[in-house]
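Now for the letters of each chain:
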Amino acid sequence: MTKPLRIALTKGRLEKDTVALLERLGYDCTAVREKGRRLILPIPDGNMEVVLAKAADVITYVEHGVCDIGVVGKDTIIEMEGKFFELCDLGFGRCRFALATKKDADFYSGFGVKTIATKYPNVARKFFESKNMDIDIVKIEGSVELAPLLDLADGIVDIVETGVTLRENGLEVVEDVVPISARLIVNTVSLKLRQQEIQELVAKIEEALKNND
Amino acid sequence: MRKYDLITPEGTKDFLFEECLVRRETEAKIHDIFRGKGYYELTTPALEFFDVFQTESGHYPQERLYKLTDSKGRLLVMRPESTMPIARVVATRLKDAALPLRLFYNQSVYRFESALKGRSNEIVQTGIELIGSASHMADLEMVSTAIEVLESCSETSFSLEIGDAGVFKELMRELNATEEERENIRYLIETKNYPALNDLLDTMGDSPAIAALKRLPAMFGGEEVFDKAAGLYSNQRINMILDDLRQLYGEISQLIGKGRLTVDLGMVNNADYYTGVIIKGYLEGYGEEVLSGGRYNKLLADYGYDIPATGFGVNVDAIAKVAIKENPREVKPADVLLYAEPGYEMKAIQLAKQLHAESGVVTEFALLDDIDAVREYAREKKIGRIVVVDGEVTEV
Numbered sequence: 272m273t274k275p276l277r278i279a280l281t282k283g284r285l286e287k288d289t290v291a292l293l294e295r296l297g298y299d300c301t302a303v304r305e306k307g308r309r310l311i312l313p314i315p316d317g318n319m320e321v322v323l324a325k326a327a328d329v330i331t332y333v334e335h336g337v338c339d340i341g342v343v344g345k346d347t348i349i350e351m352e353g354k355f356f357e358l359c360d361l362g363f364g365r366c367r368f369a370l371a372t373k374k375d376a377d378f379y380s381g382f383g384v385k386t387i388a389t390k391y392p393n394v395a396r397k398f399f400e401s402k403n404m405d406i407d408i409v410k411i412e413g414s415v416e417l418a419p420l421l422d423l424a425d426g427i428v429d430i431v432e433t434g435v436t437l438r439e440n441g442l443e444v445v446e447d448v449v450p451i452s453a454r455l456i457v458n459t460v461s462l463k464l465r466q467q468e469i470q471e472l473v474a475k476i477e478e479a480l481k482n483n484d
Numbered sequence: 013m014r015k016y017d018l019i020t021p022e023g024t025k026d027f028l029f030e031e032c033l034v035r036r037e038t039e040a041k042i043h044d045i046f047r048g049k050g051y052y053e054l055t056t057p058a059l060e061f062f063d064v065f066q067t068e069s070g071h072y073p074q075e076r077l078y079k080l081t082d083s084k085g086r087l088l089v090m091r092p093e094s095t096m097p098i099a100r101v102v103a104t105r106l107k108d109a110a111l112p113l114r115l116f117y118n119q120s121v122y123r124f125e126s127a128l129k130g131r132s133n134e135i136v137q138t139g140i141e142l143i144g145s146a147s148h149m150a151d152l153e154m155v156s157t158a159i160e161v162l163e164s165c166s167e168t169s170f171s172l173e174i175g176d177a178g179v180f181k182e183l184m185r186e187l188n189a190t191e192e193e194r195e196n197i198r199y200l201i202e203t204k205n206y207p208a209l210n211d212l213l214d215t216m217g218d219s220p221a222i223a224a225l226k227r228l229p230a231m232f233g234g235e236e237v238f239d240k241a242a243g244l245y246s247n248q249r250i251n252m253i254l255d256d257l258r259q260l261y262g263e264i265s266q267l268i269g270k271g272r273l274t275v276d277l278g279m280v281n282n283a284d285y286y287t288g289v290i291i292k293g294y295l296e297g298y299g300e301e302v303l304s305g306g307r308y309n310k311l312l313a314d315y316g317y318d319i320p321a322t323g324f325g326v327n328v329d330a331i332a333k334v335a336i337k338e339n340p341r342e343v344k345p346a347d348v349l350l351y352a353e354p355g356y357e358m359k360a361i362q363l364a365k366q367l368h369a370e371s372g373v374v375t376e377f378a379l380l381d382d383i384d385a386v387r388e389y390a391r392e393k394k395i396g397r398i399v400v401v402d403g404e405v406t407e408v
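Chains as they are written, first to last, in the working numbering: chain A, 272 to 484; chain B, 13 to 408.
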């Protein structure tokens with residue numbers, strides 16, 4: 272028997288959605304559901320094993336080839352970049368990056384350089400580079416919404432799902448930056464060395480996603 | 013204040029003992045293959061003018077270059093790769109040499125990799141350039157040499173991938189794309205990002221070339237790829253490229269079998285300057301390619317000498333790393349520890365020289381004061397024999 276195909280999942284909601292998807296494909300994910308504190312879990316009938324990691328680490332593990340496949344949000348992919356194949360859009364984990372400011376503030380007015388608070392400095396930088404705008408970026412680790420309220424920043428670039436948090440804090444979306452959803456990524460060497468297994472799995476997933484629509 | 017006097021810059025490291033040993037062995041094995049096919053070594057300076065890497069056929073992204081200036085304020089870079097400097101040499105000093113030229117190199121290249129990803133910014137590459145022939149035999153020579161290199165690194169677990177940069181270039185020729193669009197399409201094909209590629213191409217209309225580009229990243233696998241690709245796009249040049257590649261595939265599969273050989277028509281990464289057959293080599297246990305190369309027929313023209321060429325480079329550090337992992341070893345201790353009593357130092361030096369010349373014995377001088385300390389040292393360093401030199405020579 273060959274080495275199991277190793278799949279890195281982003282812990283949390285993407286993990287649950289992916290496990291549900293794998294179960295729909297007929298794989299036995301009991302071990303993943305009852306994981307306890309273990310971080311590497313077998314899917315015995317699929318000759319696969321699941322590794323649970325934080326989003327950014329999923330990319331790191333796949334890039335280095337210690338995991339063959341990963342499931343990670345497009346948000347992390349845009350922020351981190353890296354060298355891997357992005358084979359399919361899994362459709363779940365949908366949200367978007369958006370630029371938001373205080374309600375009724377005119378973000379683009381005036382000649383001053385704007386300050387943007389964000390957890391995703393690369394996303395923010397690329398977005399404003401595409402508009403040929405110089406900005407100052409302040410990296411915030413926690414609730415980004417605070418920064419414009421405390422007058423530290425003119426606006427924020429952040430993930431927006433429903434917009435409720437923004438509304439409740441008197442902020443509103445100025446502009447959508449880019450839509451986000453979960454992606455299946457594959458190590459460049461793994462796809463070539465284990466092409467058949469990976470393509471079969473991807474085909475099954477795509478089939479299931481199509482039926483879903 | 014000295015703050016950084018005890019560490020090395022990010023992306024660089026010191027190589028010690030067995031790391032150097034294995035690296036040298038790897039290089040020696042590979043160079044033996046190169047020399048056996050009539051390749052001659054050259055080295056180019058670690059420092060080059062920035063302009064060398066900004067040609068029509070491809071320019072190196074400036075954010076990945078180490079830059080500095082010379083005494084006249086001109087912009088220099090640490091070479092990020094070796095093919096472009098070699099093209100410069102060929103187009104100047106070797107312009108009158110008989111063709112084809114067979115050159116090989118073994119030198120460090122420097123480029124900024126993404127920080128905090130455990131990658132090196134300085135790696136040793138060795139490789140060949142076969143310059144002045146566009147023939148099929150030249151492609152075959154390049155690819156079969158690459159295979160020999162991979163075989164010498166690992167008998168069991170390598171694989172080789174072939175493709176042709178021409179397919180993408182021909183399809184893009186049919187498209188009225190701006191440079192930026194072209195780069196976006198190239199990037200999405202390189203990363204096999206089907207959803208985004210489809211979205212982007214959908215905005216550019218609907219033509220046979222666009223339909224073909226959408227399918228390009230999926231065109232990889234074994235021999236069946238050629239059947240799939242037959243209906244990809246009918247264009248005389250593309251058909252010719254595919255016929256040639258299929259022939260090459262057939263020939264190489266005789267060398268290594270079909271199991272280790274794959275085709276990827278969506279291989280559009282690498283430097284921009286590739287124009288024809290391109291290859292990548294993989295070793296199990298390393299997450300990226302360890303070998304890559306291809307045909308570059310336009311690059312030399314950018315330096316004023318319009319001749320075709322092909323070649324490949326190997327990441328020596330990566331191969332040495334895999335080799336150490338597969339076959340860990342320690343540096344061998346010296347065979348003999350030589351202890352000279354006061355007054356007999358010159359005799360000991362003569363003896364060491366003689367032992368090495370006659371039988372290759374590795375001798376260390378014991379730089380210690382008494383025989384007990386010598387014994388202790390030999391135990392620690394695992395040196396099997398102690399020889400004392402005084403009026404006579406005794407092994408103790």
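Read the hints as simulated data drawn from the structure, not as lab findings.
There may be inaccurate statements among the hints.
What the hints assert, rightly or not - Here are a few chain B residues that face chain A, going by a calculated C-beta distance under 8 Å:
(1) Glu195
(2) Arg198
(3) Tyr298
Claimed, not checked - As a list, the in silico BS3-like pairs of lysine-lysine whose alpha-carbon atoms are at most 30 Å apart:
(4) A/Lys475 x B/Lys226
(5) A/Lys397 x B/Lys41
(6) A/Lys325 x B/Lys15
(7) A/Lys397 x B/Lys226
Claimed, not checked - Going by beta-carbon spacing under 7 Å, a handful of chain A positions derived as facing chain B:
(8) Val322
(9) Leu323
(10) Asn458
(11) Leu464
(12) Glu468
Cβ coordinates follow ideal geometry from the N, Cα and C atoms, glycine included.
These are the hints, each one checked on the structure:
no.: 1; hint: Glu195; in the structure: violated, 14 Å
no.: 2; hint: Arg198; in the structure: violated, 14 Å
no.: 3; hint: Tyr298; in the structure: holds, 7 Å
no.: 4; hint: A/Lys475 x B/Lys226; in the structure: holds, 20 Å
no.: 5; hint: A/Lys397 x B/Lys41; in the structure: violated, 45 Å
no.: 6; hint: A/Lys325 x B/Lys15; in the structure: violated, 34 Å
no.: 7; hint: A/Lys397 x B/Lys226; in the structure: holds, 26 Å
no.: 8; hint: Val322; in the structure: violated, 15 Å
no.: 9; hint: Leu323; in the structure: violated, 20 Å
no.: 10; hint: Asn458; in the structure: holds, 6 Å
no.: 11; hint: Leu464; in the structure: holds, 6 Å
no.: 12; hint: Glu468; in the structure: violated, 13 Å
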